[in-house]
Structures are given as structure tokens and as C-alpha cells.
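With these hints in hand, go ahead and build the complete structure from the sequences.
Just so you know, the sequences run in chain order A and B. Position one of the first sequence corresponds to residue 137 (the numbering used here), numbered consecutively onward. Position one of the second sequence corresponds to residue 137 (the numbering used here), numbered consecutively onward.
The hints are simulated quantities; they were obtained by calculation from the structure and are not laboratory data. These numbers were taken from a predicted model, which means no experiment stands behind them. Certain hints may be false.
Put simply, identical chains are the same to the list, so a pair is met inside one copy or across any two.
Each computed BS3-like pair below joins lysine-lysine, with the alpha-carbon atoms no more than 30 Å apart [to be verified]:
no.	residue 1	residue 2
1	174	190
2	185	170
3	190	306
4	264	318
5	174	185
6	170	190
There are 2 protein chains.
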Amino acid sequence: MRVSRIQAEENRQTVIDVASRLFREHGFDGIGLKDLMKGAGLTQGAFYKQFQSKDDLAAQASRRALESAFGRWSAAADPQDPLGAVIAFYLSMGHRQERMDGCPVVALGSDVARQSVDVKASFEAGIKNYLEMLGRWIGETDGEDSTDKSMAILSTMVGALVLSRAVNNKRLSKRFLQAAAKSVSMTSSASVAQQGSLE
Amino acid sequence: MRVSRIQAEENRQTVIDVASRLFREHGFDGIGLKDLMKGAGLTQGAFYKQFQSKDDLAAQASRRALESAFGRWSAAADPQDPLGAVIAFYLSMGHRQERMDGCPVVALGSDVARQSVDVKASFEAGIKNYLEMLGRWIGETDGEDSTDKSMAILSTMVGALVLSRAVNNKRLSKRFLQAAAKSVSMTSSASVAQQGSLE
DNA sequence: ATTATCTATAGATCTATAGATAATGC
DNA sequence: ATTATCTATAGATCTATAGATAATGC
Chain A
137 MRVSRIQAEE NRQTVIDVAS RLFREHGFDG IGLKDLMKGA GLTQGAFYKQ
187 FQSKDDLAAQ ASRRALESAF GRWSAAADPQ DPLGAVIAFY LSMGHRQERM
237 DGCPVVALGS DVARQSVDVK ASFEAGIKNY LEMLGRWIGE TDGEDSTDKS
287 MAILSTMVGA LVLSRAVNNK RLSKRFLQAA AKSVSMTSSA SVAQQGSLE
Chain B
137 MRVSRIQAEE NRQTVIDVAS RLFREHGFDG IGLKDLMKGA GLTQGAFYKQ
187 FQSKDDLAAQ ASRRALESAF GRWSAAADPQ DPLGAVIAFY LSMGHRQERM
237 DGCPVVALGS DVARQSVDVK ASFEAGIKNY LEMLGRWIGE TDGEDSTDKS
287 MAILSTMVGA LVLSRAVNNK RLSKRFLQAA AKSVSMTSSA SVAQQGSLE
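Structural data, given as C-alpha cells:
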């Protein structure tokens, strides 16, 4: 029944991967250790040789989820119009539907407020990465308050998706995403728009 | 042990009130019927004469929470500058800290995606009220896309608070709220600002 | 007679631990 | 000899139900 160290480490990583998806799907309180381990092809008994507690896994799975989300942003970012490309997939009905692989801030944001310092630290690190990336895409025009803009844009994107998932009406869901896309485009090019209106 | 119909109805309302606050504090899955009923001064056994299921209570408590939040918006809205007044209390560190009495979309938004149609219906109705109110405050200038603006503003406000609660760093929390306030002000007066830049 | 609430309990599930097992690593 | 995983279990908690109780409402 024992397994090599390498295999054991691989199992650990699998558990974290699986948890990062299942927590997003069911919430931190919505799934138990038994099902988390089963998702990785293991039994519950193996859990505490790999993790200190459920909260410990929550913190590591959160970190993994945010890293994965960051990777998707990087992959989607078209060099020509990176922000536009990210908006196109983030503020889409497809993203609204795929909770398990979608943005962890949307899927777990409300819950994180109730979680441990460690879980919040995972989210904080991931959120800072989002902001840095956004800042690189929009910041070059005016410099000074590009962080403020990045924060506002991220807020709008996260909020729109949360709201979009909180209502039954699909049309309303879609409108939230479209309205946010429009607003984010305007915010990101605010100084350009003002220059434009001076012509 | 029996109680008059009037008292029973009063108890029912108390349970809904208490649940609307305790769900916001602990999440739908984070608190059990025993503690919810204890909060209303009753025992668990009385629950199923008043509600069909925990989900039934969740839907009613959600409705109540959103009504209460709407009331706070109305109360805060200064006739001179209603949006400014609401922004001032909504995007504040005070609101960030008071999960139990704060906006239910922020406190439960991520969880709602996983809840029943009934819970979502409660949220949808409340969200529509928010939008209507915002539309009245900002819509008169350009009319046409005032709903889009309201949606973008609500998204930014909700997202900023979710993000603000998801990080440990208080300074970062505050910056999210401030950046959102700035952005919302600009969005709400977008046409005015463009006119201004033409002078 | 009806019924709102109580105590008690069923049956499931939760986190965490204990001890057995069988393969690894020295 | 060590240890990663397994089965089994402790003890708590969860939702929901059953039956008793005592006051209301007719």
C-alpha cells in the first residue's frame, strides 16, 4: 500500500489540483475531505499525512486556483489588445457557466472573507498578480493612477460575474457582462477618450 | 408550550430576520438550523412547522436581507447627491467590517451561484431594485444606456467590496474601495465630464 | 380539538485520529 | 526501519422527523 516518495508528492499535487476545482464548484464548506480525496483517487485516511488540516488544503488549493487563473489570463492575452482579449473571455457567458474552472475570486470571493489568514494570503497574492498584469496593459498612458484604474477594472469584472451568476434570468446575466465590458473599455482608455473629445 | 397565532407569526419573522444576518455572517453552509433557531430564542424542533426546508428559509432570509439593504440605500441617499451618499457608506471600511449587516450580494454572492432557483429569485428581485434606484439617480442625463451604467456601477461596487474583504492587507482593502469610488463617480457623470472637457 | 413548541432521536455526514498493511528506502 | 495509504472509528454536527406537552381557538 505504500508508494514511492515521488508518487506521494504527485498524489499531493493531484489533491491540490482537484481541491482547487472542487472548492470552486461547491464552496469551502460544500465539500468534505472524503470527496476531495476520492476526486484524487485516494481515501480519506491518507489526507492528514499530506495536509495539516482542511484549512491548510484550502489555502494551498486557493493559491493553485489563482495561479491557474493567472495562467489563463496570460494565455488569452493577445499582444495586440491584451485587455480586450481578457475581457472577451472573462466577461462571457461561458465563464459564467464554468464555475469549476473559472475565476476563484468570483467562485469563492464571498467565502474568503470568512476564511483563515492563510487562505486570504493566497487570494491577496493572486489578486496582486492580476493587478500588476492589468497595470502593464493600461498603465503606460498616464502612469500615475494606473493602479487605481486596475483596481476599478478588476472590481467591475469580478462584480459583474458574481451578479451574473446570482440571478436566474439569462438575459439579465448577459447584460451585466456586456455592461461591464463596455464600462471597463471606457475606464481603461479614459485619458485617451478625453484627449479624443478635445479634437 | 403552544403560543398564539400572532406570537407564532412574530416568531417566524424573527427567525427570518436572524437568519438574514447569520447567513451573511457565516454563509448558507456555515450555520445550522439549531443555531439559527437559537438566535431567535427557539429550539430546532419548531423549525419545520414554520419552514419547508433550510433552503426555504435561505430564500426568505435572502429576500429579507436584500429588502433591508435596499432600505439602507434609501435612508442614506441624500437628495442633493444620492449616489455620492450611497457610495460614501457602501465603499467604506465600516461596511467592509460589518458582514452581518452589510450588503447580502457581497456577503453571499459567490454562494448564491450554488443555491436553488428560489434563493436566486430573491437575489434577482433585490438586484433589480438596486439597479432601478441607481438608474433614477444617474439616468436623467443621457437616458438611453442608463441601465448599462447602473449595472457597471453596481458591479464595481460589489466587486470592490468582495476584493476588499478577500485580502489581509488593510491598506490594500482601502485602496480598492477608494479606487472604486473614484471610478464610479466618473462612470456616473461620464457624459457630463465629456461636455466639461469640450469647454 | 387543534397546534406551536419542546425534547428526543434517526440517519447521514463532517473533521480528525488510530492501528493495520504493504511497499519503499536505507 | 520507515512510511504512504488503507480500513475503521471517535465524537461532533447536520437536516429532518416523531411523539409529548401545554396553551390557544373554537
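Evaluated hints:
1. 174 with 190: both (15 Å within a copy, 27 Å between copies)
2. 185 with 170: The answer is within: 14 Å in one copy meets 30 Å, while 34 Å across copies does not.
3. 190 with 306: Cα proximity of residue 190 and residue 306: across copies only (26 Å, versus 35 Å in one copy).
4. 264 with 318: both (24 Å within a copy, 20 Å between copies)
5. 174 with 185: within (16 Å within a copy, 38 Å between copies)
6. 170 with 190: Classified as both: same-chain Cα gap 11 Å, cross-chain 24 Å, threshold 30 Å.
Hint compliance for this structure: no hint is broken.
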